[in-house]
Amino acid sequence: MSSVVAKAGLEIRNVGKLFTQPGKGDFRALDDVSLFIKPNEFFTLLGPSGCGKTTLLRMIAGFEYPTEGEIRLNGDEISDLPPYQRPINTVFQNYALFPHLTVDQNIAFGLEMLRRPKGEIDKTVDEMLRLVKMTEMRGRKTSQISGGQQQRVALARALAPHPKVLLLDEPLSALDLKLRKEMQIELKRLQHETGITFVFVTHDQEEALTMSDRIAVMSAGKVLQVGSPRDIYDHPANRFVANFIGETNFLTGTVLSAAPGRADIKLGTGAVIAAGVPDGMTPAGEVTVVVRPEHAVITDPETAAVKGTVDTVVYFGTDTHYHLKLDSGAPFTVRQQNRRGREVHLAAGQPVGIDIPGGVAQVLRD
Amino acid sequence: MAGRGTDVRRQPGFGLIAGLCLTILYAPILVLVIFAFNANSIVSIWTGVSLDWFAKALDNEGFHQAATNTMIVSITATIIATMAATAAALGTTRVRSWRGQSAAYMTISLPLMVPEIITAVATLSFFALVASVFGINLGLGNLIVAHTVFCIPFAYMPIRARLEDMDLTLDHAAADLYATPWMTFRRVTLPLLAPGIVSGAALAFIVSFDDFTISQLVAGPGQQTLPVFIWSMTRRPMTPELNAMCAILLGISILFISFSALIGQRRR
Ligand SMILES: Nc1ncnc2c1ncn2[C@@H]1O[C@H](COP(=O)(O)OP(=O)(O)O)[C@@H](O)[C@H]1O
Ligand SMILES: [Mg+2]
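Read top to bottom, the protein sequences are chains Z and D.
Residues in the first sequence are numbered from 1 upward in steps of one, following the working numbering.
Residues in the second sequence are numbered from 1001 upward in steps of one, following the working numbering.
It is worth saying that the hints were derived from the structure and are not from the lab.
The reader is advised that the hints may include incorrect statements.
What follows is a set of in silico ranges between Cβ atoms, one per label pair, in the way DEER data are often shown [as the list claims (entries may be wrong)]:
no., chain 1, residue 1, chain 2, residue 2, range
1, D, ARG1099, Z, ARG115, 20 to 28 Å
2, D, LEU1168, Z, HIS192, 32 to 40 Å
3, D, THR1180, Z, THR282, 29 to 37 Å
4, Z, LEU18, D, GLY1135, 55 to 63 Å
5, D, TYR1105, Z, ASN14, 37 to 45 Å
6, Z, ASP213, D, ARG1099, 42 to 50 Å
7, Z, LYS38, D, GLU1164, 55 to 63 Å
Far from chain Z, some chain D residues (derived; all Cβ distances over 10 Å) [as the list claims (entries may be wrong)]:
no., residue
8, GLY1013
9, ILE1045
10, LEU1110
11, VAL1145
12, ALA1174
13, LEU1177
14, TYR1178
15, MET1183
16, VAL1188
17, PHE1259
All C-beta atoms, glycine included, are put in the ideal place defined by N, C-alpha and C.
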């Protein structure tokens, strides 16, 4: 590459991290991770515990240095800068508020370190206190406010210097469910109002789906798929992503014919369904196909191509889950909304048909 | 409740044993202080209450000299030892682990285990050697150096304990908010470490203030500290003046300990 075009945004280019642990052998926490996070984006790193999310975030913040690859912010290489020279702020998982300072002193800390004029600091602190609704608590010590309030102070403190990127490491995991839902909305509002790029870490797939513009699904130090919540949910690239995000039915079949983005698959039961195909893949032979439980419909066993029997029925109020057993022996779940007058009454052992509308099935890469 | 059955205060004989221990601990001190107010010049014969012996003690030229020496030595040694201990504590906790880190920790804390008389003889020999080879005698400075050295491990312990309790992510948070390493130290680490430093300094001061063995061996003429001076008084016919001096020493210690406890409490 002769010239690097200065692209606005945060670029993670082929980044790897090898922890060398004396006496225990080396451990690869990240393996060839490449991401491009656009300005003003709400970007989420999603993956199970231990997959390397925190390690990646710590490298963006500067607490850890990549062993391979580089990190660029608006075109400038930042991988070698210490944390205090990066225009990036972090909301720590345990908040890490300074216990010897009051709420407003905590919020002012970053601005003071940047040697902003006193008047500007006061103005920004007032503004931040208002933004997170903590004005009444400004004089309190951080030990004298609740967990949810500490969370908001941590946010205000990180937003006050108006960083280019805000990093949030599972910021909601310590809150109870109700507060968590409130803070999810609050975070979206703050991101919208400040226009700052958010890189958000979570292991909660529902949180990721509801909050993000785009999601990177990670597993064992690798990025498996990057896309919008809809992309990831409707078109999971592989078995791990399909399994990790929401409930899924896995079916096996053989490819009859394939066109770019589409393929006809003959299932083990003999039924033929039309399925989506991941970009750039030409499926052939034996493949695995996924179908979301809410996309399948229970129909008359006489006319349906896919048949099975009812195993158990679980009522959830808003919808009902029918756990079925296909004639091929594979388990299959169908989820149907409980609309007035459209309830289906099924008993265990009853034969049913399953309709899989064209295009809702998706071929997996592996 | 499980707690009630195992509560040591409910075991038979607890009150008796506790009372006995407290008596053995404090009765002699109490008697010593009471007899400081004795009007009679023979310690063991009580004839009435008087403050004369306090006046006499405070008027004693030797006592003045010893008190001045003690203050100079203890305060100087405390300040230097606390600074050195703080640096040592930071160097053994707040850094990437380095080869010999645990050896360094051992080296710093080992003097606590060495019998004091050995340290005293070694220090004496060291100064004698320095004097004979280089012709250097620092006078009271010798005492200050000796005290500083043995105070360091005492100051080090509480400072290190406090540092180990401190959340390292606070340092990261400061760095994340544009604080250079020096500013992180000044604005976050140091203020949070202050109670540990106060405890360390208090411990160093008390240890230096009542040190006898080392001071007795190292102090030259006219360099007696209070404990050494009081000890020398016991070699003459004893009067309640000695009791008064001890009471004054005790009073200063108690005052000092209360003061540092108060600071420690307010910091919390
Ligand atoms: N300093 C380190 N030394 C060795 N291994 C580490 C270190 N930090 C993290 N790891 C390992 O790297 C992996 C990823 O950790 P982390 O990034 O914290 O995961 P996540 O945040 O996704 O739960 C884990 O297996 C963890 O044990
Ligand atoms: Mg983590």
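We went through each hint and held it up to the structure:
1. As the Cβ distance of D:ARG1099 to Z:ARG115 is approximately 39 Å, the hint placing it in 20 to 28 Å is violated.
2. Checked against the hint of 32 to 40 Å, the C-beta distance between D:LEU1168 and Z:HIS192 comes to roughly 33 Å, which is consistent with it.
3. Separated by about 55 Å at the C-beta atoms, D:THR1180 and Z:THR282 break the suggested range of 29 to 37 Å.
4. In this structure the supplied range 55 to 63 Å holds for Z:LEU18 paired with D:GLY1135, their Cβ-Cβ distance being about 59 Å.
5. Distance hint check: the CB atoms of D:TYR1105 and Z:ASN14 are about 41 Å apart, consistent with the given range 37 to 45 Å.
6. One distance hint, 42 to 50 Å for the beta-carbon pair Z:ASP213 and D:ARG1099, holds here, with the actual separation near 48 Å.
7. The hinted window of 55 to 63 Å between Z:LYS38 and D:GLU1164 is violated, with their beta carbons roughly 43 Å apart.
8. With a minimum CB-CB distance of about 42 Å to chain Z, D:GLY1013 clears the 10 Å threshold, and the non-interface call stands.
9. For D:ILE1045, the requirement that its beta carbon stay farther than 10 Å from each beta carbon of chain Z is met, with the minimum near 57 Å.
10. For D:LEU1110, the condition that its CB be more than 10 Å from all CB atoms of chain Z holds, with the nearest at approximately 26 Å.
11. The Cβ of D:VAL1145 lies farther than 10 Å from every Cβ of chain Z, with a closest approach of about 35 Å, so its non-interface assignment holds.
12. Its closest Cβ contact with chain Z, about 7 Å, brings D:ALA1174 to no more than 10 Å, contrary to its assignment away from the interface.
13. Its beta-carbon lying about 4 Å from the closest one in chain Z, D:LEU1177 breaks the requirement of being farther than 10 Å from that chain.
14. Its closest Cβ contact with chain Z, about 4 Å, brings D:TYR1178 to no more than 10 Å, contrary to its assignment away from the interface.
15. Listed as outside the interface, D:MET1183 is inconsistent with that label: its C-beta sits roughly 6 Å from the nearest C-beta of chain Z, within the 10 Å cut-off.
16. Listed as outside the interface, D:VAL1188 is inconsistent with that label: its C-beta sits roughly 6 Å from the nearest C-beta of chain Z, within the 10 Å cut-off.
17. Distance check on D:PHE1259: its Cβ is at least 21 Å (rounded) from any Cβ of chain Z, clearing the 10 Å threshold; non-interface status holds.
When the structure is compared with the earlier hints, violations turn up for hints 1, 3, 7, 12, 13, 14, 15, 16 and for no others.
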